[in-house]
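**Student:** Dock chain to chain to rebuild the complex, using the hints, since each chain is given by itself in its own frame.
Chain order of the listed sequences is A and B.
Straight run, no breaks: the first sequence in this note's numbering ends on number 575.
Straight run, no breaks: the second sequence in this note's numbering ends on number 311.
Since the hints were derived computationally from the structure, they do not count as laboratory data.
Cβ coordinates follow ideal geometry from the N, Cα and C atoms, glycine included.
To be clear about the criterion: a stretch of chain A counts as covered by chain B if any three or more of its residues have a C-beta under 8 Å from a C-beta of chain B, and this derived list gives those stretches: (1) 307 to 315; (2) 331 to 345; (3) 349 to 359.
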Amino acid sequence: MSTGHNRAVSEVLIEMRGAGKRFRTWKRREGFGGFFVNLFAREWTEVAALEGIELEIRRGEFLGLIGANGAGKTTLLKCVSGITPVSSGSARMFGCDSFALRDEHKRRLSMVMGQRSQLWWDLPAIDSFRLLREIYSVPRSDFELRLRESAERLQVTDMLQRQLRNLSLGERMKMEIIGAFLHEPDVVFLDEPTIGLDLVSRETIRRYLVEINRARGVTIVLTSHDMEDIEETCRRLVILRQGRVLFDGGLVDLKARTYERRAIEVHLEPSSPGWDAAFEPLLEPFGARLERAAPLTLLFSVPAPAVQRFVPFLFERFAIRDLSIEHHPLDMIIRQIFQQREGGA
Amino acid sequence: MSTAAPSSSIARDLRLLGVAFAYELRKVTAWRAGFVVRELMRSLWRPLVMIFVYRAILVTPEARFGGFDFPALVAYLILAASFEKLLFHQRGLDLADQIFQGYVTKYLTMPVRFFVLALGRFAQHLAVQSSVVAFLWVVGSLLFPQWWPRVASASAALQAFVLVLLGSYCAFLMCFLVNVLAFWLEVVWTLSAMASFVFSFAAGVLVPVSAMPQSLAGALRWMFPYWAVSAPGELFLGRLGTQEFLRGVCVLLAWVVALELLRQLLWRRGLRRHIGAGV
Numbered sequence: 231m232s233t234g235h236n237r238a239v240s241e242v243l244i245e246m247r248g249a250g251k252r253f254r255t256w257k258r259r260e261g262f263g264g265f266f267v268n269l270f271a272r273e274w275t276e277v278a279a280l281e282g283i284e285l286e287i288r289r290g291e292f293l294g295l296i297g298a299n300g301a302g303k304t305t306l307l308k309c310v311s312g313i314t315p316v317s318s319g320s321a322r323m324f325g326c327d328s329f330a331l332r333d334e335h336k337r338r339l340s341m342v343m344g345q346r347s348q349l350w351w352d353l354p355a356i357d358s359f360r361l362l363r364e365i366y367s368v369p370r371s372d373f374e375l376r377l378r379e380s381a382e383r384l385q386v387t388d389m390l391q392r393q394l395r396n397l398s399l400g401e402r403m404k405m406e407i408i409g410a411f412l413h414e415p416d417v418v419f420l421d422e423p424t425i426g427l428d429l430v431s432r433e434t435i436r437r438y439l440v441e442i443n444r445a446r447g448v449t450i451v452l453t454s455h456d457m458e459d460i461e462e463t464c465r466r467l468v469i470l471r472q473g474r475v476l477f478d479g480g481l482v483d484l485k486a487r488t489y490e491r492r493a494i495e496v497h498l499e500p501s502s503p504g505w506d507a508a509f510e511p512l513l514e515p516f517g518a519r520l521e522r523a524a525p526l527t528l529l530f531s532v533p534a535p536a537v538q539r540f541v542p543f544l545f546e547r548f549a550i551r552d553l554s555i556e557h558h559p560l561d562m563i564i565r566q567i568f569q570q571r572e573g574g575a
Numbered sequence: 033m034s035t036a037a038p039s040s041s042i043a044r045d046l047r048l049l050g051v052a053f054a055y056e057l058r059k060v061t062a063w064r065a066g067f068v069v070r071e072l073m074r075s076l077w078r079p080l081v082m083i084f085v086y087r088a089i090l091v092t093p094e095a096r097f098g099g100f101d102f103p104a105l106v107a108y109l110i111l112a113a114s115f116e117k118l119l120f121h122q123r124g125l126d127l128a129d130q131i132f133q134g135y136v137t138k139y140l141t142m143p144v145r146f147f148v149l150a151l152g153r154f155a156q157h158l159a160v161q162s163s164v165v166a167f168l169w170v171v172g173s174l175l176f177p178q179w180w181p182r183v184a185s186a187s188a189a190l191q192a193f194v195l196v197l198l199g200s201y202c203a204f205l206m207c208f209l210v211n212v213l214a215f216w217l218e219v220v221w222t223l224s225a226m227a228s229f230v231f232s233f234a235a236g237v238l239v240p241v242s243a244m245p246q247s248l249a250g251a252l253r254w255m256f257p258y259w260a261v262s263a264p265g266e267l268f269l270g271r272l273g274t275q276e277f278l279r280g281v282c283v284l285l286a287w288v289v290a291l292e293l294l295r296q297l298l299w300r301r302g303l304r305r306h307i308g309a310g311v
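Okay, chain B solo, but in the shape it has when bound (with noise of 0.2 Å):
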C-alpha cells in the first residue's frame, strides 16, 4: 500500500475540508432545477409574503409597527430575507437519513473524521448562498432602487456580516444536532421542521425582535438566532451600534462552545448506541 507523506492532523483535515469543499459545491450545482429551487429561491418567499402583510396593516405614511414604519419594514425585511439565506438550514444536511438507512457506518472504517466533510458542506452552503445573495442584491437594488436597504456605514456592513457568519455556523452546529437525534429518534424531519419555524420566529425573519414585547425581545436577546439575523439587519441600518455587536459577538461565540461541546458528545453516544445496536 503506498500513500502520500504523513502530515499533521489538523493540516490533513484542513486539506480534506478543501476537497470536501468543492465535492460539495459539485454536488449543488449537479443539478440545475435543484439549484434554482434550493438555493436560488429558498428563503425569499416568507418575508415576500410579510411585506404584503405590512402594507395591509400600514395603511397610512405615518403608521408605524414597533417604530418601524413601511419602507423600513421593507427594508428589514430584505436584509432578513438575504441573512436567512446565508443561514445553514435544516435541509442542508442528510445526516439523518445517512444514519437511519446506516450509511454512517462506511465512514467509521475510513480515516477520517466525519465532522470533517459536513464542515466542507457548510463551507459550500457559505460559498454558494454569498455568491446567490450578491447577485440578488445587485438586481434587486438596480430594480428596486427606492425601496432597497442603505448600509449605515461601512463598518456596520462588516460587523453586520460577522455576525451572520457565527450565526450560521451556530445554525450549522444545531442543524447537525438535531441531525445526530436520529440515533435515538425516528422524527428527526418532524423536529427539524419545528425547529426550522422556532429559529424564523426567534431570528426576526418575519417580525424584527425589537417590535416584539420587551420581556420576550429580551429573552431573545440570549439567544443565538437574533444575532444571526434581526441584530444584523438593525446594525446594517444603523439601528444598533459596536456595543451591541460586540455583546453579540460573545453571545454568539459562548453558543458556538456551547453547541460545539454537545456536538461532540451527542455525536460519541449515538455512535456507541448506533454500533450497540447492529446497524
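The shape of chain A in the complex, shown without the other chains (with noise of 0.2 Å):
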C-alpha cells in the first residue's frame, strides 16, 4: 500500500449529508377475504429505515457501528457502498455518489456480510479468491503475497486447499475476510463477521482486523452485536436507533460518560432471596440502579463514592456467593444511552 496512513488520515473517504432511506411497502389484510381486499385497494405505507444520518469517516477510522436489529444498520452499509441510493440527502465515497460508484472505485471497497458467504460452497476456498483475484485485478504476485500473509495472520494455512462446505463456521468466515482484503482495498465494511463464532475465532479475527486496519490504513466499518468486538476494535463508534444516529464520538469518550458509575455484578446463593420489587426505594440512597435481574444474578450501576457502603448493603440482604466490582461495560452504557433517549423524548 503506498498511501502512507499518517499522511492520508485527514482524508474523508465516506460521507452522509442529511441522509434518508425509505422504504414503500404495503399491509397485507389477514384471512381469504383480505387476500381479495388486498388484490384491488392495497393499504400503502411508507418505512424510514434512514432519516437525516450525518457523518463522516476518514483514511484509517475504525468504526463501529451498532444498533437494535431494525435500527438501520445495514441499510447504512448498503447506501454508502453504494447498493442501494438514499432517498433524501447525500451519500458519497471516494468523493463520489455512492450509487454512481465506477469500476475504478469499486475496486477500493469490499464487504462482508457474515450470513451471506461469496465463497463456494463446494469448492475450496483459493478457488473463490482466484476469481476474485481476476474480478479485482490484482497481480499475481501480490495476490499470492497477500493470501500468504492474511492466511498465516488467520492461522487457515493448511485449510486453504480444503472444501468449504468441510470447514467450521469460524474457518469459514475466516475465508470470508481473507478474500476481502486480497486486493487491499482502502475501505472495508463487515457486516456481523464474528456472528455465531467461537471465542478463539472471534478473537483471532478481531486482532486481524485491528492490525491490518494500523498497517496499511484501511477504514473499517463494523457492525456487530458483539459489544467485545466493538470495544476491542473500533475507537470510534455509531449508535443508531430507529434509523437516526443517537450517538456519534469516540469509544473513550462514550465509556468516560460513566466512568463516574461502577457495575456490581452478584451471583447469589441458590438458597437466598431473589431480587423483589419492594428493594427498589431502598436503593435511592445509595444513587443505584438495578440493571439486570435473574434469578441467581443481580447488576447494579452504583456511583463510585457509594461502593463502599452499597456492597454491605448487598450483603446483608443476600446470600452471596460471588460479587464484582467494575467499569460499566459497554452493553450496558449503551443501554442507558437508549433508555435516556426514551425518557427525553
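**Tutor:** Structural data, given as C-alpha cells:
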C-alpha cells in the first residue's frame, strides 16, 4: 500500500449529509377475504429506515456501527457502499455519489456480510480467491503474497485447499475475510462478521482486523451485536436507533460518560432471597440502579463513591456466592443511552 | 491499493470469462455423484422412454409415424437427446436463488458485470456437455451400431452443430430471463419447470416437429427450440438442406437479439426494484 496512513489520515472517504432512506410497503390484510381486498385495494405505508444521517468517515478509521435489529445498520452500509440509493440527502464515497461508483472506485472497497458467503460451498476457498483476483485485477505476485500473509495471520494456511463445506464456521469466516482484503481495499464494510463464532475465532479475527487497520490504514466499518467486537477493535462508535444517529463519538468519550459509576454484578446462592420490587426504594439513598435481574444474578449501576456503603448493604440482604465491581461494560452504557433518549423523548 | 494495469473493458471481460469458465468447471466437477447424475444422465431418460413408446406404436416394419419408420425414429431420438444435452437448461443457473437470498447484491459492490460470470457458466456447460456427448456417442456407436444415426455429410453435421450452438445460447438467455423474474415473483421454479416442458415439446425432443400437425409445425418453425433440436437432427440425417439451415440461422440470430435486449431491460429493472425494496 503506497498511501501512508499518517499522511492521509484526514482524508474523508465516506460522507453522508442529511441522508435518508424510505421504503414503500403495503399492509397485507389477514384471512381469505383480506387476500381479495389486497388484490384491489392495497394500503401503502412508508417506512423510514434512515433519517437525517450526518456522517463523515476518514481514512484509517475503525468505526463500530451498532444498534438493535432494524435500527438501520445494514441499510446504512448499503447506502454508503452503493448497493442502494438514498431517498433524500446524499451519500458519497471517494468523493463520488455512492450509487454511481465506477469500477475504479469499486476496486477500492470490499464488503463482508456475515450471513452471505461470497465463496462457493463445494470448492476450496483458493478457487474462489482466484476468481476474486481476476475480478479485482490483482497482480499474481501481490495476490500470492497477500494470500500467504493473511492465511498465516488467521491460521488457516493448511485449509485453503479444503472444500469450504468441510470447514468450520469460524474457518469459513476467516476465508471470507481473506477474500475481502485480497485486493487491498481502502474501505471495508463488515456486517456482523463474527456472528455465531467461537471465542478463539472471534479473537483471531479481531486481532487481524486491528493489525490490518493499523498497518495499512484501511478504513473499516464494522457492525456487530457483540460488544466485545466493538470494544476490542473500534476507536469510534456510531449508535443507530430507528434510523437516526443516537451517538457518534470516540469509544473513550462514551466510556467517560459513566466513568464515575461502577457496575456491581452479584451472583446469589440458590438459598438466597431473590430480587423483589420492594427493594427498589432502598437503592435510592445509594444512587444505585438495578440494571438486570435474573434468578441468581443481579447487576447494579452504582456511583463510585457509594460502592463502599452499597456492598455491605448487599451482603445484609442476600446470600452472596460471588461479587464483582467493574467499570460499566459497553452494553450497559449503550442501554443507558437508549433509556436516556427514551426518557427524554 | 495496487492493481494490474487497466485494460480495455472487452479484454477484461474476456479474461474474466476465461477465469469464470475455469471456476465453473471446478464447481461442476467438485462433486462426483452430482456430476454423474446431473451432467452425464440428464436428458437421457425421456428419449429412452419414447423409444419404447414408439416401439409399441410401430408394431410392423412398414408402420410409419409422420414419415418416420422405427429405426429412423430411434436415430432421431438419439440425436434429439444428444442435442438437448448441449442446450443450456433451467437448472444450470442458480440466479433465482441468489436473488431470493440477497446474494446478488454483493456483485453490485464489485467491479464486474454479473452477466460475464453467468456466461462463464454457459461456456462451462457447453464444454462439459460436448465432452459428455462425444463420450456417449463413442460408447453408443460401439454398442448399438445398427441403431446409431449416420450423418448425411460432413457439412450437414457442421450445420447441425452451428444451429445447436446458437440454440443453446438462446436457451441460456431464456434461462437467465426466467431466473431474473425472481426480482418480481416467488414462483420461478414452477415457471422453470413449465418452461422446460414447453421447451421440450417445441424442440421436438419427444415427437419430431415434422411429424406434428402442419399448422402447429409451421408455428413452431418460428420458435428457437425447433431450430435448436429438431431441425439440427433432421439436417444431420439429411432430411433438411442448406436452405433450411440458412433460415434457421436467421431465425436464431433474431431470437438472440430479441432475448438479449429483453435480458438487459429486465436485469436493469429488476435490480432497480431489488435495491428499492432494500433487500
